Each structure stands twice: as structure tokens, then as C-alpha cells.
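K.L.:
So you can see what is in the structure, the chains are spelled out below.
Protein chains: 2
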Amino acid sequence: MRIGVLGGGSVGLLVARYLSENHEVTVYVRRNQQKQKLNDHGLFLSSHTTPCKVKALMTNELKDEECVIVCVKQPDMNSVLPLLSYMNEKTPIIFLQNGMGHIDLIRDIAQPVYIGIVTHGALRKSDHIITHTGKGIIKLANFSGSEENLSAIIHRLNNEFFPFQIEKDWQKVLAEKLVINAVINPLTAIFEVPNGDILRNTYLMNLAKELCREACYILQLDYMDQWNHVQTVANNTKENVSSMWKDLKSNRKSENEAISGYLVKKSNSAVPYTTFVYNSMKALEVKKGINE
Amino acid sequence: MRIGVLGGGSVGLLVARYLSENHEVTVYVRRNQQKQKLNDHGLFLSSHTTPCKVKALMTNELKDEECVIVCVKQPDMNSVLPLLSYMNEKTPIIFLQNGMGHIDLIRDIAQPVYIGIVTHGALRKSDHIITHTGKGIIKLANFSGSEENLSAIIHRLNNEFFPFQIEKDWQKVLAEKLVINAVINPLTAIFEVPNGDILRNTYLMNLAKELCREACYILQLDYMDQWNHVQTVANNTKENVSSMWKDLKSNRKSENEAISGYLVKKSNSAVPYTTFVYNSMKALEVKKGINE
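Sequence order for the protein chains is Z and C. Going by the numbering used here, 268 is the number at position 244 of the first sequence; the sequence numbering is gapless. Going by the numbering used here, 86 is the number at position 62 of the second sequence; the sequence numbering is gapless.
Calculated directly from the structure, the hints in this document are not laboratory data. There's no promise every hint is true.
Subject to a maximum C-alpha distance of 25 Å in a straight line, what follows is the list of computed DMTMM-like cross-link-like pairs (lysine to aspartate or glutamate) [to be verified]: (1) C:Lys289 - C:Glu45; (2) C:Lys311 - Z:Glu48; (3) C:Lys273 - Z:Glu216; (4) C:Lys192 - C:Glu216; (5) Z:Lys311 - C:Asp100; (6) C:Lys233 - C:Asp249; (7) C:Lys233 - Z:Glu281; (8) C:Lys87 - C:Asp100; (9) Z:Lys277 - C:Glu281; (10) C:Lys233 - C:Glu281; (11) Z:Lys270 - C:Asp132.
Far from chain C, some chain Z residues (derived; all Cβ distances over 10 Å) [as the list claims (entries may be wrong)]: (12) Asn173; (13) Thr226; (14) Gln255.
Incomplete in silico selection of chain C near chain Z, CB under 7 Å [what the hints assert, rightly or not]: (15) Phe215; (16) Tyr227; (17) Asn230; (18) Ser293; (19) Tyr297; (20) Asn303; (21) Val310.
If you're wondering where the values come from, they're calculated on a predicted model, not measured in any experiment. Ideal placement from N, C-alpha and C gives every residue a C-beta, glycine not left out.
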């Protein structure tokens with residue numbers, strides 16, 4: 025398949041790297057420097073010595089593809105979505121964002137839309153080098169396409185080293201990932217600790233449980249199920265630096281609005297722990313001079 | 025008067041420095057190194073070139089004094105209190121701690137006890153050099169002595185450059201200082217910002233207001249009065265590094281238990297913002313390996 029991957033961050037490069045083994049992949053990036061690097065040197069998985077060949081273009085050079093996978097982060101969605109309107113109306117579009125902030129933005133897209141989440145750990149070492157820090161899976165659910173077509177797409181994308189899986193309910197898939205992100209991301213960023221510390225440090229665990237409780241209350245999920253899930257993820261990625269912590273370190277705007285901000289807005293009653301971390305992330309962004 | 029100042033931290037050294045102009049002051053310290061420095065070189069106010077003469081002894085060398093001023097921090101109270109039992113039962117003892125954690129500890133002291141708070145800004149530059157970063161006042165109230173005697177003591181201690189003032193109600197004096205500390209201290213320590221940032225950074229101000237609201241609720245104080253007071257103090261000390269932040273920076277145990285911990289324990293209902301900062305300070309102490 026000709027696949028367009030939108031976004032050259034850690035998720036975009038990871039997806040491009042694995043799919044390029046069986047597909048013709050073009051990565052669409054924002055910076056010319058990254059485009060050059062990818063075209064000149066190829067895309068490296070840091071554990072391999074030989075690069076894979078991917079083509080790189082600028083985001084505004086988006087051409088028709090047989091399938092588009094949108095891997096940009098929530099804060100960049102607004103600049104990317106208008107580009108899709110130039111594409112064939114039958115091209116399936118897959119969205120792999122954290123949070124739920126993008127749902128309202130993608131309702132009016134003409135193409136068949138599928139929504140998913142990524143449980144892989146990935147770290148972008150440079151513009152064309154990616155480390156796969158934890159093997160996971162990509163779960164996809166139908167949003168405005170058809171289950172049959174999604175099933176066919178997954179059949180083509182899925183492979184042993186980079187599995188795809190179909191899910192029934194996109195809301196549940198996103199909600200469960202949102203709980204994980206709403207607990208692990210802000211705490212690790214505020215306290216500058218790797219993911220595992222939310223279990224190793226008793227006092228961070230106290231805060232993690234309260235955040236999990238509030239997120240489950242807002243999203244109507246079972247607390248014990250989700251807390252177990254959070255613990256599993258924190259444990260499986262215990263040495264990892266969360267994306268929010270990475271964003272703060274690199275003076276990049278984080279996904280705070282799409283994660284904690286979304287929950288605060290969605291809630292009908294007070295969610296003080298989530299409100300605390302939401303304000304904390306905003307405060308740290310202001311302190312570091314990261315723009316609104 | 026022969027005055028014993030217990031504690032060679034910033035408050036102890038500031039008090040010793042100013043009172044030594046009209047009194048015979050002995051500073052009692054925990055480390056032999058500091059004792060030597062003070063005895064060999066004298067006590068310097070960093071804006072002055074000549075030191076004042078104070079005598080320094082180890083805390084366990086405590087001898088009878090005409091007045092004892094206890095300036096150690098809450099976490100060190102337990103090791104200091106037993107020493108007072110060897111003193112004359114008539115010697116007035118003045119306690120200048122933050123928080124309210126010491127109240128239960130001092131109920132059984134045989135001597136007449138007076139309680140107070142310090143609004144000066146002070147920074148200990150070294151074992152025998154102190155900077156007076158903001159002129160304030162020491163407010164004292166009667167606890168188990170008599171108002172007449174306190175009035176007489178204040179008359180002798182008070183001077184133009186280092187004023188003392190009598191207050192009617194020790195609970196109100198401590199409670200108002202506790203609100204200030206419960207708002208400014210943890211936020212500045214967690215976010216590593218000077219005091220003024222709790223007003224300059226909108227998102228820290230959101231959190232500061234909630235902390236102030238909870239503290240006023242627990243201590244039965246008027247929110248608007250206290251929030252105005254917090255703003256005045258944060259503004260007057262806007263470039264200062266709070267004591268909790270200083271403690272974390274120096275890998276010292278902070279007054280978290282006596283401030284936020286006290287409020288969490290005292291409250292009958294949920295105080296999530298205060299609980300959040302309490303757990304945050306504990307988490308940071310664990311992260312830095314600061315002992316329980």
C-alpha cells in the first residue's frame with residue numbers, strides 16, 4: 025500500500041519504520057531539515073545498523089495516498105487537518121492521538137476515519153533515528169468508516185513485530201488510554217521522574233490514585249480495572265521518560281490541554297487533583313516561556 | 025539581659041545579631057563547626073563590615089539564661105525540648121516556629137511560654153554570616169506566662185531596627201502566619217520559583233487561591249482578608265527564595281509536616297489542594313533521599 029504518515033515525531037517515525045518493510049511509506053514533516061535527513065540517510069531504528077528507505081516530504085506537499093496515518097500531537101492537529109480536504113474522499117484516515125481533544129475536530133472529515141491508540145514505547149533520538157523502547161500494539165476502531173474496511177486495512181498493516189488489533193468501541197479505546205495519560209504524564213512531568221516512580225514513590229502513588237479515580241469518574245470507567253491497567257503500563261515502561269516530561273524538557277508545548285484540560289472541561293463537578301496538575305503544567309509552561 | 029538563642033539557622037542568627045546590640049546573647053548550635061566560626065570570627069550582618077560579638081555554645085551546653093528564644097525549625101523541636109527541663113522554672117521561653125505542630129509539644133513546659141512569629145526576611149549565607157533581606161517584625165503573644173511579664177520582656181527587646189509587638193491571641197497570630205506558609209512555601213518549593221511568582225504566574229495564582237481557601241476554611245479565618253495578606257507578603261518578598269524551597273535545594277527536611285501536614289490532619293473534610301502539595305513535598309523529599 026502507499027501509506028502517508030503525517031508527523032515526524034516518535035510515533036510517526038516508529039510507524040513509518042515498521043510499515044516501510046511491506047509498504048511504500050512517505051513521511052510528511054514540518055521542518056525541511058528533517059525532510060533532508062530522512063531522504064539523504066534513510067530512517068534508522070537505533071538497534072539496527074541498516075536504515076530503511078522512506079520518502080520524506082513537507083506536510084504541505086501532501087499527495088494522495090492509499091491510507092493516511094495522522095501521528096502529529098494534539099497541539100498540531102489544527103494546522104494539519106485542512107490539508108486532508110485536498111485528498112480523495114475514499115482514502116481512509118487513521119488518527120493516533122492521545123486524549124480526546126481531536127474528536128470534535130474530526131467529525132466533519134469527508135474521508136472514512138478510524139481512531140486508534142499506540143501502546144509502544146518510542147524515543148526519537150534525532151530527525152532520522154528512532155528507538156523502540158517498549159513493544160506494544162496499535163488498537164484501531166471504526167469512527168466514520170466501516171468495520172469491514174477497517175478489518176481489511178488491519179489485515180494489510182498487521183505484522184508479527186508491529187501488531188495491529190481491531191476494537192469495537194473507539195470511545196472505550198480512547199478513554200482507557202486517556203486515563204493512563206492523565207495519571208502518568210502530568211505527574212512524571214511535574215516531578216521529573218521516570219514512569220515507574222509513580223509506583224515506587226508512595227506519595228506520587230497517592231496522587232496517581234486520586235488522578236485515576238477522578239478520570240474514571242469523568243469517563244465512567246471502573247476504577248479498579250483502570251488502576252490495575254495504569255500500574256501495568258507504569259511498570260512496563262518504568263524507565264521511560266513520558267512524552268509530557270520530554271516536551272517540557274525540550275521547551276515544547278505539551279498535550280496538557282488534550283489530556284487534563286479535556287477532563288477538567290468535561291467534568292460537571294470539581295476534580296481538584298486533575299485541576300491541580302492541569303494548572304501545574306500550564307504554570308511550568310509559563311515559567312519556561314513556552315507559548316500558548 | 026542574658027539571652028539564649030536556640031538554633032543557628034537564618035532566624036536564630038538574625039535574632040542574635042540584632043539583640044546582641046543591647047543584650048548579652050549566647051547562640052546555641054548543633055554543629056561544632058558553626059560554634060567555632062561564631063566564636064572565632066563573630067556574627068556578621070552581610071551589609072555591615074564589622075561583626076557583632078556573640079558567644080556560641082553547643083545546644084547540649086545550655087546554661088541558665090534570663091530569657092530563651094527557641095528558633096529551631098519544627099523538625100528539630102523534639103531534640104531541643106528536653107534540654108529546657110534543666111532550666112530555671114521562671115525563665116521565660118519564647119517559641120518562634122512556623123506552623124502549629126509545636127503547640128502540643130510545649131503544653132507541658134514548666135516555664136512561662138510565649139509564642140510568636142517572625143515576618144522578617146533572612147538568608148543565612150554561611151555559619152556566621154546573615155543577610156537581612158526584608159525588614160519585618162516579631163509578634164509575640166502569651167501562651168502560659170502572663171501578659172504583664174510579656175509586656176515587660178517586649179519593652180526590653182524592642183528597638184527601632186528590630187521591632188517586637190505584643191498580640192492578644194496566640195492562635196490568631198500563628199493561624200495567620202500558617203496561611204501564608206501553607207500557600208507560599210509549598211508552591212514555591214514544588215515549582216522552584218521565587219515568592220512573587222505565585223502572583224506573576226496566573227496558573228500558580230489559581231493554585232495559591234485554592235490553597236488559601238482551604239487553609240482559611242480549616243483555621244476559620246476570613247478568605248478575602250487572608251488572600252490580601254498572602255498577596256502583600258508575596259509581593260514584599262517577591263525575589264525571595266522560600267524556606268521550603270531552600271530546604272529542598274539543600275537536601276534538608278522541610279517544615280511540610282508542620283504546615284501542610286498539620287492542616288491535612290486538622291481538617292474534618294477533604295482538602296485536596298493542601299493534600300496535593302503535602303504529598304508533593306513528601307514525594308520530592310523521597311526523590312531527593314531526604315530522610316524521614
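K.L.:
Are the hints correct? Go through all of them and say.
P.N.:
Quick rundown of the hints versus the structure:
no. : hint                : verdict
1   : C:Lys289 - C:Glu45  : violated (42 Å)
2   : C:Lys311 - Z:Glu48  : violated (47 Å)
3   : C:Lys273 - Z:Glu216 : holds (15 Å)
4   : C:Lys192 - C:Glu216 : violated (36 Å)
5   : Z:Lys311 - C:Asp100 : violated (34 Å)
6   : C:Lys233 - C:Asp249 : holds (12 Å)
7   : C:Lys233 - Z:Glu281 : holds (21 Å)
8   : C:Lys87 - C:Asp100  : holds (19 Å)
9   : Z:Lys277 - C:Glu281 : violated (34 Å)
10  : C:Lys233 - C:Glu281 : holds (21 Å)
11  : Z:Lys270 - C:Asp132 : violated (53 Å)
12  : Asn173              : holds (44 Å)
13  : Thr226              : violated (7 Å)
14  : Gln255              : holds (17 Å)
15  : Phe215              : holds (6 Å)
16  : Tyr227              : holds (4 Å)
17  : Asn230              : holds (5 Å)
18  : Ser293              : violated (12 Å)
19  : Tyr297              : holds (6 Å)
20  : Asn303              : holds (4 Å)
21  : Val310              : holds (5 Å)
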